[in-house]
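With the hints as your guide, set chain B onto chain A.
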Amino acid sequence: DTAVSQTPKYLVTQMGNDKSIKCEQNLGHDTMYWYKQDSKKFLKIMFSYNNKELIINETVPNRFSPKSPDKAHLNLHINSLELGDSAVYFCASSHARGPYTFGSGTRLTVV
Amino acid sequence: GIQVEQSPPDLILQEGANSTLRCNFSDSVNNLQWFHQNPWGQLINLFYIPSGTKQNGRLSATTVATERYSLLYISSSQTTDSGVYFCAVGGSSGSRLTFGEGTQLTVNP
Numbered sequence: 001d002t003a004v005s006q007t008p009k010y011l012v013t014q015m016g017n018d019k020s021i022k023c024e025q026n027l028g029h030d031t032m033y034w035y036k037q038d039s040k041k042f043l044k045i046m047f048s049y050n051n052k053e054l055i056i057n058e059t060v061p062n063r064f065s066p067k068s069p070d071k072a073h074l075n076l077h078i079n080s081l082e083l084g085d086s087a088v089y090f091c092a093s094s095h096a097r098g099p100y101t102f103g104s105g106t107r108l109t110v111v
Numbered sequence: 001g002i003q004v005e006q007s008p009p010d011l012i013l014q015e016g017a018n019s020t021l022r023c024n025f026s027d028s029v030n031n032l033q034w035f036h037q038n039p040w041g042q043l044i045n046l047f048y049i050p051s052g053t054k055q056n057g058r059l060s061a062t063t064v065a066t067e068r069y070s071l072l073y074i075s076s077s078q079t080t081d082s083g084v085y086f087c088a089v090g091g092s093s094g095s096r097l098t099f100g101e102g103t104q105l106t107v108n109p
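Chains A and B, in that order, are what the protein sequence lines are. Under the working numbering, the letters of the first sequence match residues 1 to 111, in that order. Under the working numbering, the letters of the second sequence match residues 1 to 109, in that order.
Lysine-lysine pairs mimicking BS3-like chemistry, simulated, CA-CA at most 30 Å apart:
hint, chain 1, residue 1, chain 2, residue 2
1, A, K22, A, K40
2, A, K22, A, K44
3, A, K71, A, K9
4, B, K54, A, K41
5, A, K44, B, K54
6, A, K36, A, K71
7, A, K22, A, K67
8, B, K54, A, K36
9, A, K41, A, K19
For the chain B half of the interface with chain A, some residues (derived, Cβ under 10 Å), not all of them:
hint, residue
10, F35
11, Q37
12, W40
13, Q42
14, L43
15, P50
16, V84
17, S95
18, T98
If you are wondering where the hints come from, they were derived from the structure by calculation, not from laboratory data. Here the structure is a predicted model, which is why all the values come from computation and not from measurement. A virtual CB, placed ideally from N, CA and C, is assigned to each residue, including glycine.
Looking at chain A on its own, in the form it has when it is part of the complex (with noise of 0.2 Å):
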């Protein structure tokens, strides 16, 4: 199926620990992001990649890591998390300004 996948769906973790995500797309888009959306459902841009390359980076914590192996590929890494992460985090990819296609998110619970 083409389409944008996350893994995984659901993450429950300890305060302090290191996760990571991954989210792969076969649409053979060019450009990648990170979206969070919080406990209201506000929807907020994270980082995005485009071909590779870090092209959005707002103002999270450094301990948000992208990571873009490939212009498939593009996993988010969180160091020492805290209970204020728990959120759910949307993987997205476009073909430059075009219409976005979105996984189906990871929801992370951080206790």
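Just chain B, lined up with the frame of chain A:
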């Protein structure tokens, strides 16, 4: 950055009713998209519509870029239309989209 304002914040309808959702934005845009987030959390792209009018089944959208607003029309609503509708816009800075706070739609049987 661009400000995006959606109205109404909440909308409750009976099945079969029609509705109009509005999105106002503060600056000129070259990218505007409407999304539906269903009750299971999936974000589905409804329209890519930086200008003009498009229709897809019971849904249609119109963007009047010169007046900085977009409208999403839902006709003959069904319970499966429930969820949150987001408008998202992008300006000259590239592919980044700024999202509005959404309209929570509930369609009752």
